[in-house]
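Trainee: Make the full structure from the sequences, and use the hints.
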Amino acid sequence: MASLSVAAIVVSHGQAESLAKSLEAIAGQNHPIQQVVVVETAGDDQSISLAKSYGFASVTPGDVRLGAAIQAGINSLASAPGWIWVLHDDLVAEPNALSRMAIAAEISPSVAIIGPKLLEANDSIQIQQMGLTATKTGRPFLLVQREYDQGQHDKAGDTLSVSTAGMLVSLGVWQQLGGLDDSTPALAQDLEFGAKARVAGYRVIVEASAKMHHESLAMKGKRPRRWLGGSVKSALSKAHLHFATLIMPLPVVILLYLALPLIALVSSPYFLVTKQPMRIFSQLSGWLWAWFHLGQRFAARARFRKLGSPKTLKPLLANYQQLRSRRKARYEAEPEISLADAPPGVFRSNSAWFGLLPVLASFALWPQGAITAGQFAPLGATSKLVFDSVGVMTQQYLGGVSAPSDPFGWFLALVSLAWPSNPSLAFAASVFLASGFAFFGVWFAAKQLISKPWVITLISLSYALSPQLLLLATGLQLVELLAAAVTPWAVGFTLRAFDSYNSARAWRWVGVSGLALAVVASLSPMNFALLCLLVLVLGLNRPKRFLIMIWALLPGVALLYPWVSYAVSSGNFGLATSAGIAASLPATLTLVDLIVLGGFALTATGAWFTTSSSKVAMLWFFVTLAIAASWYQPVSSSRSLLLAGVFGLLLLSGMFISNFKAKPLKVGTTVLLLALGGLSVFVYGPAQQVDPKWSETRVMPALVVAASQLEPGVRTLVVNVGDELSVDYVWNTGLTAERQSLVAKYQTQDQEFAKKLAAAAANMVAGNSEGFTLAHHELVVDFVLVTGDIAEVISTVSSVDSLQPAGESEFGALFRVEGSSWLSSDIDQGIRDYQLGVFAAFALLAIPTRASIRGYRRVRNGGAK
Amino acid sequence: MKLWIKIPLALLAVASVAAGSYLSLSPSPTLEPTDRASISVSTTPLPLTIYCPGPLAELGGQDGTDLGAMALIGKAKLWANTSANELAQEIPTETEVGVPLALISKEQTTAAISANQTQVAKRQRMLGVAAANCSQPVAQGVFQTGMASVGRESILLLANPFANEVQVYLEFALSTGVKKHLVTLAGFEQQQISLAPFVDAEPNFALSFSTNGPKVSATMQLRTSSGLTATGVDLVSPTWLATELWIPGLQVFEDGYQAPEMNLYNPNGEEVNVLVTLLGVGNDSDVFEVTVPAGQLLNRLLELPIGQYIVKISAAQPIAAAIRSQRIADTLDFAWLMPAEEFVNALTLPIPQLESELVVANREGQPITVSLMNGGKYTSLTIPAESQVRVAVLYPLAQLQSQSRFMATLQILSETGYAVINPTENENLGSDLEVAIR
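Residue numbers (the working numbering), protein chains in the order written: chain H, 1 to 865; chain L, 1 to 438.
Simulated from the structure, these hints should not be mistaken for laboratory data. Think of the CB as a built atom: it goes at the ideal place given N, C-alpha and C, for glycine as much as any other residue. Only true hints are included.
Among the chain H residues that face chain L by a calculated CB cut under 8 Å, a handful are:
1. Thr588
2. Trp620
3. Pro634
4. Val635
5. Ser726
6. Thr748
7. Ala759
8. Ala766
Mentor: Structure representation (structure tokens):
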């Protein structure tokens, strides 16, 4: 047995329960301990009396940091020992731990610091830590982490540093080095202390046979945040910066500090792709912290370098091999079950073929050009033109209206990416495929809850062929149709995120879910609000995952923020419920709706008796809310909300059919659903006459479009001659779908501007050159387009001196205005750049990477995955 | 969960969905869009120009043997009225060519300037009275009165009253299809175009015309003969397409040579059903429906008892209509009765020195009162709903005023012949325009 004189300093912070175990282990050590001092930094009476019960001394220095706490313990010692054993209240040492370390200390006189093998407290065969080092850039690096202890690391070895938990340190060296520096970030304190010892010429080793079980309360977030000086990730960032300041050459350090903002920015996409978005914040906070504590960092560097040259540390820093092994280990995963054993998905169960049925039922919408029926208009000629008008705060109406553009524009911009040179056709294609998309969406969502593929297919078909959905298609209520098609996907992604096996995977699905919810927001703010509520309700069930899931609402919230904020500030709250002017007009429930809702509700009721009541209750709540809220439609139809209710009822029906044992009832319900679907297709399917009014993709003559593409400030005065003279003041390439504005419809007209327009139009049709020129100078008009009963006025318009005929077109007679001065395009972009930033971040999160695939389980609780 | 808890929960769930559905049956509060009222604008209109087509044209010389020869014959008498406004020129009393009459004034109505022309033809091949309203030039119009084949002749009198060259596109609607022709008129040029070469000797045809922008004066001259006997001549102004047309002043004469015939022209791409209501004035009414094929002109005889009628023609698509009526006095003559324009407040109408009757009509569902000043006398005319009143009028002027909308047509019923003048409003766009800003 070694004869080392040791005093144990136990640093406690109000964790009496853990402290009891720790003190018990100290009392059971087979190496004599000269003195034991419990340093209670939280002043916890229970901890102090516990120390007393073991006959140990205690001190209460106040809420001080680790270095000061240990120093207080040392100061309170009755006599100076040769070594001090630093323990934490969440550390339980095995009985021979101290003796093993003491032996190691006696064998090697140059050793000044010895660390134990730290094992997980709740998994005693998993190594938590065996010595500390850093990467060449100064990032703290654990030599061994999350490995099962099979003795593979039991060879005692030199290391750069060891954790303070269980550290045995020579008191003389402690005093020589000045102890732990409390101005150093928490997670760099032990690393710095070890490195100081090293540069001072001492050895630091890990004694593998000395085992201790560490709860690691601080790292698990069970200590106050100030313990680490923020979150774990933020503490790591600070430790990284601090240690880099110590060991790197001065020019590199200066460069590093200058480049910190850039590093924070550039590394953000990386953290998103690797599904560690919270590290972005820690990177940012690390940068700010470093700049605001510059003096402290350089003072620490000076103190450190006074002890010796850091060059001696180089062999002890993590090498490439170690870094590579760590990266590989991160992606090691439990073997998944084979595809053959997994329940079939939509493709492997051959259910995907059924997805063609809803598409076939929509053949009347086969894309043939731009849809111009009702409130629809062709989209801009290119995706760029579409994009330019989306998410802006200037509406191209009269002299310009300061208001947000319709949220629906975002959806148009998204689909335009599918066919950048013909966005109108891309939109028409999305409409054509919507019901098929709805089928697969329901399949995706339902498979999270139902295990039998045929049942999932049945309810997916029942949804995609329901009268409500078919009527949306044949009635050309296209915004509602698209919202009804996307909503099941958003629900599916949300459920998937909640059920994710690990946080990386949850983040990935949050990325996908966030984007899907944003699409729903652009199509139906009401549906988005309902899904927000769904996330909140699911969050009550899984509070821990909720902290990640809540982020999924961010893209939708960012998309709707200007819209809702305008609706609130203008007092027109109803506007917030509509996706835009393209949305259909309000419509109340019909008899068909009541029959379908009644039929589905009847089958859905069975779910109460076959499935988990909490799930069923949650879904019923969702359904009731959707149906009741669909009543409120102050500006446009909320049919998509009704469809969300139908979707919920079908999920419940599927759960009932899937789990119910009595065959006759099961068959009866299935037949009922099939009959409803068949009847619906027969009555509301292809037999319905649909006229989308396919047209060309331009809304203005080619000359105006060409001029607008050269100069975006082009303005055209469109005068329609009929029973009444009506005037449009058209910006750029015309009032394409993405430029239409619901707000403009509800905005009080700028009367002064309107009067100028009226004067220009009246003077023009009257052939009054002087009057037109006067009005034109106040307005800026580059082209005049006369439509309607052209013959009535064409000769008088032609007689206006400043109008030069520019030819006839399918839109009417066009005139070029002489002496017009191009108006600069002054569009307020609002918060569009931030919105795009959010979407881009979520797109990066949504990209599947190894980090998110790791831990993916094909089977969870019997679901067909 | 126990079954006894599940059952009420299931019932509660169904009830909540039922309640939600019931709520959705009631209408939601709605947000009304901002009201967009029209803006009234007044501006100085262009100078007002009306055009009198001038004398009749004779094709083939006096005896009809000079093939290809086309000449204006005689003089047309002009009957005009102007206010004290500035005239661009003196108005002649008679003319040997077409005459534009221009007025520079912001006040533009028939009270400011109105004119018509008459010509009594007494030639071997042309007999009767031809009269026309001097109307504003137009950029497009329809003649549904075209006549060809043996003993029927149509000549188009085209004139460009302005300085700029104009192209006129002619489109003939024939039973065999459509024929097109382009005419270019230099500034102030007049042309008389025989339509026989274009219409394949079809007895009835329609002619639509449009210009490349500038307005022209277009009048169709129609002449009939039976063997070597002239049976009438007429001048017809172009009309417009509409879904409801009113033709006042139809008179089935005791001494009518033939029953009136109606032309219905459907320029649309699909056939149209036309409802014709012949509202008898003091006698029985009649109604019939007829289908006019797409792009075709339909001719139909109106077998009616002797008496006065006002004719209402309605269809789902815009159409054109006219009625040809014949009358025997010293000579046999005919006139085309055309759809009448509605006047809002007043009409000033010059009366020629020929026996004339003014027909004032009311298309509204209630009676209206129209004041007539003629021959120094004031008369108040009460016109029943959907009816008309016929009064004899004297040279030189008739002035009508009413709080209501009314229609008017002047019929010349002299011993020398029969003609109808359809007055139109003389006004350029400019004053009191209603402009809607969208």
